[in-house]
Amino acid sequence: MPSDTLEAVSEIRELSYAEAVREALGQAMEADERVFLFGEDVGVYGGAFGVSGDLVHRFGTERVIDTPISELGIAGAAVGAAITGMRPVLEIQFSDFVTLAMEQLVNQAAKIRFMFGGKASVPMVVRLPGGSGTGAAAQHSQSLEAWFAHVPGLKVLQPSTPHDAKGMLLAAIDDPNPVLIFEHKLLYKTKGHVPAEAYRVPIGQAAIRREGTDVTIVGSSIMARKAEAAAERLAADGISAEVIDLRSIRPIDFTTIAESVRKTHRLLVVYEGVKTMGIGAEISAMIAESEVFDFLDAPIIRLGGADSPIPYNPVLEKAAVPQEDDIVTAAANLVRRGEA
Amino acid sequence: MPVEVILPKVDMDMETGTIEAWHVKEGDLVRQGDTIFEIGTNKAVMEVEAPATGAIRNITAETGVPISVGTPVAWIYLDGEAATTPSEPAAAAATVAAATPLPQAPIAHAAAMSLATSGLRATPLARRIARQNALDLKSVTGTGPRGRIGEKDVTAALILRSDPQDRVSKDVPGGSGASASILRDAAGAAPQDEGSGKKSCRQSEGRLQPFSAIRRIVASRLSESMRTAPHFYLTSEIEMTAARDLLGRLAKRHERIGAPKPSLTVLIARVAARILRDHPVINASAEGEATRFHARIDIGIAMERDGDLVVPVLRDAGAMDMPAMAREFARLRDGMAKRTLTPVELGGGTFTISNLGMYGVDSFTAIINPPQGAILAVGRTIDKPVGRDGQIVLRPMANFTLSSDHRIVDGVAAARFMADLREALENPEVLL
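These protein sequences, in sequence, are chains A and B.
Note that the first sequence covers residues 3 to 342 in the numbering used here.
Note that the second sequence covers residues 5 to 436 in the numbering used here.
Derived from the structure by calculation, the hints contain no laboratory data.
From a predicted model like this one, the values you see are computed outputs, not experimental measurements.
Glycine included, each C-beta is placed from N, C-alpha and C at the ideal position.
One or more hints might be untrue.
[Stated by the list, open to error] Distance ranges between label pairs, derived from CB positions:
id, chain 1, residue 1, chain 2, residue 2, range
1, B, Ser224, A, Asp43, 57 to 67 angstroms
2, B, Arg165, A, Ser292, 22 to 32 angstroms
3, B, Ile261, A, Asp327, 51 to 61 angstroms
4, A, Lys191, B, Arg281, 55 to 65 angstroms
5, A, Val317, B, Lys13, 30 to 40 angstroms
Go ahead and model the full structure; you've got the sequences and the hints to work with.
Structure (structure tokens):
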């Protein structure tokens with residue numbers, strides 16, 4: 003095939019989020035033999051959400067490893083492998099199970115580079131399918147990203163599109179430090195344009211998904227997508243919302259948020275994690291403490307998850323996290339009435 | 005702790021009120037329950053009582069200016085507190101502020117802010133723009149929640165500041181350039197420069213008069229109605245011969261029994277109240293995804309007072325006979341003129357009649373008074389040629405237009421109501 007045809011195909015090619023993650027894993031493993039994947043059921047079964055798929059057949063069981071059910075063991079093995087020169091990518095089957103791996107991630111992976119004066123580093127990537135909406139109840143539906151964003155030494159990403167899922171995973175594998183990627187389970191089947199070549203989406207840069215003038219809506223992961231849909235409806239109602247997709251919550255792209263709020267004078271932060279002590283609180287405080295404070299024309303509003311374990315009942319489950327309607331209502335009230 | 009006196013909410017949908025008159029002045033001693041000021045809402049004037057016994061201090065609200073509900077308008081210093089405060093001249097408000105510890109939050113940043121802004125709610129952006137334009141926030145009416153001043157309020161105030169030679173930010177850090185750009189940003193209007201361009205611009209814009217409290221409520225309620233209730237309109241031309249005759253006879257009877265002479269509006273209200281019984285869906289409101297059928301028929305009559313629209317309500321009109329309705333109508337009209345009606349008497353109808361016939365209007369469509377489901381617009385009665393028994397004859401005719409909320413009222417339901425209205429006005433005996 004002539005090369006211009008290839009390019010044309012690449013431009014219109016659509017992949018699902020899960021396929022994009024798999025493609026990134028495959029490309030990274032092809033390019034660098036130090037990269038390997040391990041976790042519960044990532045091999046023959048193809049991953050609980052089908053993300054690793056056929057990778058075990060392409061790369062063999064030495065590089066796509068099914069592990070015992072021990073998150074602490076997997077995480078510890080990843081830390082050790084990373085220190086000794088490998089580039090491990092591990093999957094925590096449901097992000098909720100990361101509670102079992104906290105010691106290795108928080109006390110070891112995050113600290114080693116600092117405690118060894120830079121002589122050792124931990125280039126590992128943890129992929130964590132998270133979020134509610136699948137009827138998986140309280141122990142399989144949480145959004146725990148804020149926990150890790152609280153730990154210096156960890157990077158925490160939340161890509162919202164197939165494009166970013168691939169580009170950020172490749173950037174994370176390149177990164178010399180531990181990176182956690184929270185993948186929302188409801189996003190796995192969403193489709194979008196994904197270039198065929200291996201490309202990187204820089205860590206720590208937010209994306210402005212839609213420009214607007216009346217209110218800034220900040221979200222990440224699935225909330226960025228909901229905010230985009232909400233902004234579309236708000237536009238029909240005469241409200242111009244700017245949507246910022248954080249993509250990375252640590253490091254966080256404060257500059258992009260601040261510049262937007264300076265322009266729109268109003269800020270709505272949307273996140274699925276529990277509202278109390280969540281990333282919305284951090285972003286609100288950052289803005290309130292900054293020079294942008296003087297440009298606020300309304301209180302900063304947070305839309306976050308309910309202060310409750312995620313219910314099993316599907317109606318309650320939906321009600322427990324911000325939905326598109328909630329975003330529309332909150333943004334419209336913020337613009338029209340100056341309160342939520 | 006001194007007791008804050010706020011502008012109270014005396015009516016359900018009240019957002020702002022105007023202090024019509026103060027009954028006390030700075031430093032006066034009041035007892036709890038004493039009337040301290042009169043508040044005017046869009047519907048009535050009411051007396052407001054002192055919430056505590058003590059000395060009135062720091063009256064911040066002027067009379068005649070719309071103020072948002074919840075705004076502090078004065079403080080009452082209790083006995084001990086009054087004793088620790090030396091008596092100052094009432095006029096020197098600024099001195100009072102300096103010498104007297106201000107109650108509550110203002111203490112913290114009293115140094116940074118003048119008395120003018122300390123009791124006010126304003127957004128950071130509004131304060132910034134005010135600061136840069138040397139605008140006293142006290143002169144700005146806040147339209148946000150609990151009277152908060154926002155960017156648009158400050159911008160409106162800056163536009164209103166009439167004199168173009170005003171010292172706009174001359175003595176303000178940042179200079180005129182910076183403030184001009186802020187004003188431009190804030191207002192969305194872009195004066196080319198501070199001087200002549202602005203002046204000529206203003207001349208072409210005419211006079212900008214901020215909404216009165218009533219105007220603001222009318223604007224917001226009727227916009228809401230047009231936005232949420234899909235209106236449709238049915239017009240019927242109805243012969244008024246029988247209604248006119250009936251009014252003549254009723255006038256005599258009412259004179260005999262000492263009831264006020266009934267107007268056409270009262271007769272229409274009486275007829276509507278009677279036939280609404282057979283049309284519950286017209287006497288209803290949309291509530292979310294349900295229809296609220298009202299148990300009672302309360303008919304609002306649109307009236308004008310000093311250029312403002314007010315709608316006093318004939319409460320339980322369905323149970324009134326003609327003399328009772330004429331008396332109640334007269335009482336409402338009288339009370340409205342004297343501003344003695346309570347908010348309750350001015351709201352909460354289930355159906356509204358608007359009659360502009362006396363102004364020579366032939367017919368018109370009215371906007372539904374939310375949350376009601378329909379409004380009847382009445383045009384003038386005028387002799388017109390009509391066909392009767394193969395002959396062209398002159399008959400007094402009037403146009404009636406029903407605006408209905410299509411969420412709850414369908415065309416046929418509205419048409420049936422109009423048919424009954426026609427029958428009742430053309431042959432009043434059917435009401436017997």
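Consistency of the hints with the structure:
Look at B/Ser224 against A/Asp43: about 58 angstroms separates their beta carbons, and that is inside 57 to 67 angstroms. Range check, B/Arg165 to A/Ser292: Cβ separation about 31 angstroms, and the 22 to 32 angstroms hint holds. Evaluation of the 51 to 61 angstroms hint for B/Ile261 and A/Asp327 yields a pass: the beta carbon distance comes to about 59 angstroms. Taking the beta carbon of each, A/Lys191 and B/Arg281 are about 57 angstroms apart, inside 55 to 65 angstroms as hinted.
Take A/Val317 and B/Lys13: their Cβ atoms lie about 36 angstroms apart, and the range 30 to 40 angstroms holds.
In this structure, none of the earlier numbered hints is contradicted; all agree with it.
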